[in-house]
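Enquirer: The lines below spell out each chain.
Number of protein chains: 2
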Amino acid sequence: MRIRLYNARIMTMVTAGEIIRGELWVEDDKILYVGEQKADNKENWEREIDCEGNLLMPGFKNAHGHSAMVVFRSLCDDLNLQDWLNNEIFPREAKMTGEDCYELTRLANLEYLTGGITAVADMYLTPETIAQSCADMGMRCVLVSGLNKFGPAISVMEERFEKLNNFHPLISFKLGVHAEYTCSKELLEEVSRVLHKYQVPFYVHMSETVAEVEECRQRYQKTPVALFEELGLFDFGGSIYHGVHTTAEDMEILKKRGISVITNPASNAKLASGVAPITDYLQKDIMVGIGTDGASSNNCLDMFREMFLVTGLAKLREKDPSAVDALKVLEMATVNGALSMGLEQCDVLKEGKQADIIMIDLKQPNMQPLNNIAKNLVYSGSKSNVKLTMIAGKILYENGKFASHIDAEEIYRKANEILERLR
Amino acid sequence: MRIRLYNARIMTMVTAGEIIRGELWVEDDKILYVGEQKADNKENWEREIDCEGNLLMPGFKNAHGHSAMVVFRSLCDDLNLQDWLNNEIFPREAKMTGEDCYELTRLANLEYLTGGITAVADMYLTPETIAQSCADMGMRCVLVSGLNKFGPAISVMEERFEKLNNFHPLISFKLGVHAEYTCSKELLEEVSRVLHKYQVPFYVHMSETVAEVEECRQRYQKTPVALFEELGLFDFGGSIYHGVHTTAEDMEILKKRGISVITNPASNAKLASGVAPITDYLQKDIMVGIGTDGASSNNCLDMFREMFLVTGLAKLREKDPSAVDALKVLEMATVNGALSMGLEQCDVLKEGKQADIIMIDLKQPNMQPLNNIAKNLVYSGSKSNVKLTMIAGKILYENGKFASHIDAEEIYRKANEILERLR
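Here the protein sequences line up with chains Y and W, keeping their order. For the first sequence, this note's numbering begins at -19 and goes up steadily by one. For the second sequence, this note's numbering begins at -19 and goes up steadily by one.
No lab work stands behind these hints: they were computed from the structure. Be aware that one or more of the hints could be misleading.
Identical copies carry no separate label here, and so any pair may be met within one copy or between two of them.
[Claimed, not checked] Simulated pairs of lysine-lysine, BS3-like, Cα-Cα distance not exceeding 25 Å:
1) K394 x K235
2) K235 x K10
3) K381 x K343
4) K343 x K394
5) K374 x K343
6) K18 x K143
7) K235 x K264
8) K333 x K129
9) K129 x K75
10) K235 x K165
11) K75 x K10
These numbers were taken from a predicted model, which means no experiment stands behind them.
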């Protein structure tokens, strides 16, 4: 499909915060042109959208989530991480089927679309049905292995790696494990062998709580970061999720290996896990992306809330109101997220890149006056400002409505049915 | 006007979190009936609204704001409180006219309406034009004196007290001062005499930063709370705004005098002022309400963001994921806010109370599944869920549109003009 979006402000994110006036052309799944108004635009467009001065920008990248956990939203709040996982989440997850994950991922995807999230890195139970769910809806999804000692064997991860990386243009699959505390050392060594066979990045929950780091120290006399480095798991880059409690030595390792940190501030606040040292990561030139985590610990999947928290909590942590400025946060939520997930074609708005684009409604009171749009996005933006969400050239959400192939009421009905069964 | 809202879920907030199925009738500015579906509802309604199972609840009360400061949104971020006030805000405010305040208050009011805020306690420069602005739009506004040694004389405050408390049903005026650090002791003593003449509650910014408390200790060898108690300023109740840095002795005074604390978590985070000890206030039975503060330090006027921050920051501060549960937060944002502002007729949904009501769209993905609606509101709610905002029986915002007497585009245009002049 050929779509022309004109009369727009455009923040390409090639340079964070820089905004041009002009237009953007989409052909099939790619950006054909982005720049100033063109005189020769009288082609046969299938759709021409007058942006009325509103803002086009790259979609937000949710660099860490567990989409299908939307079913646990507001079901088991106000507990610490280990009690929440062991007593509330794991027993219920044991009852979840692949079909449940298909349906619940659809609900999460609706929420992503309403908030301008155009890609998610999803670590959850049944990657096959999640992949199908996302492909059917049109959501871009980077599946991440959550291998652990209780679940499917390592051979399954390898099969998925081969299969799901060749399944659909919107879908990819990354190697990873759930966490140090859910894997034996033998399992981690096996994973390292697989990783070295494929020579690809690695993803893992790491250094989320003080207790997790302490228990790892007791088991191995080193931090989780140091342990994984020793096992060669960081040899080809990747990301750690959370990274709330890391040492200066940990940061040296992350820097050396090009490992990014995906911060999940709302989840870390709600579970009282702590505030990640974002200022330190930036100073050490460690790339930071942003994730929502799952809706059971957050409880919403809203990059606007996360963006404000990244800077607000950094300011509190450092007792410095200049800590982590808005432009850095916008980079984390878009470009860095994309790069950390291996979505090099989805980072910025540029000719030839994937057309993963959102339109931000500037004609709402929280965006006025139009003094500094980039800062408005981070400091006063809301998902209510998302006017349009396009993934790979397809408009999936526009003016409060989903595309015609998406039946939201039916998705809600099924999610509530599944909730009753798992409650 | 007589309006019937039927087929609703209703959270009256008489008991926080309790939800009934039924209907609600409005006559003129009041609630005529709230309860189960009625058989005899075939009266001549001017409007009947099918709520389609969505939630009716009391509007949010923004218990501390500076509405017209929307013009400074994203204009001078990332500074500490004193630099921000003295170098950026005060010089620009010196150029603001009463007419500017009228226009800019309109913009803030739009933002309140889109977020389900039905009343604001507004401390700002020209209460007369702010009162007119709110009355013209239909916003409920409790004006609060921001008396200080640089502004109008105390006699002006007294005149305003007499005049604005008899100006319009939506408007009231409270005695107060800006802060300890902007008042001489002599001025505070004069205020105390006026306060004792009228025997009414008192409002003030207090204990927002460590520096503020320290400077007060140096000047008077006591905390701001202890100083104001000694001066008799707390004799008739009222509120302190912020209350981030209070001692155990301060809390005893607040408790004894029935002073509520209005917390402004986003503003306190953004200015790196700290996290208020909400858990301590609750344990000591000190009433807590929630404010957005001004858009220059926040930068948005969104009670959903504030609600999540109240509980999220308390969990982090106490290292306890059970700290300050969602129902407490809902009470703060509605009932406590109303009571702290002297709006006893606007606290809950009940026959005879003012019809300050909002409808929350539950058919959006962030509210699904419908496991625990009250928790969903606090932990995953967004202003995008606000489907209708009614103040004193008048619908001012519905399905993304403002009432016909409100011209949003014109308000944006004027706000941008004023910005250019003050920049």
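Enquirer: Would you mind marking each hint as holding or not holding in the structure?
Expert: So, going through the hints one by one against the coordinates:
1. K394 x K235: Close neither inside one copy (44 Å) nor across copies (49 Å); limit 25 Å.
2. K235 x K10: Neither way: K235 and K10 sit 33 Å apart in one copy and 62 Å across, limit 25 Å.
3. K381 x K343: Answer is both; intra-copy 18 Å and inter-copy 12 Å each pass.
4. K343 x K394: between (35 Å within a copy, 13 Å between copies)
5. K374 x K343: both (24 Å within a copy, 24 Å between copies)
6. K18 x K143: Cα proximity of K18 and K143: none, with 43 Å in one copy and 59 Å across.
7. K235 x K264: Classified as within: same-chain Cα gap 7 Å, cross-chain 47 Å, threshold 25 Å.
8. K333 x K129: Classified as neither; 39 Å inside a copy, 59 Å across copies.
9. K129 x K75: within (18 Å within a copy, 66 Å between copies)
10. K235 x K165: Within one copy only: 24 Å inside, 55 Å across.
11. K75 x K10: neither (40 Å within a copy, 49 Å between copies)
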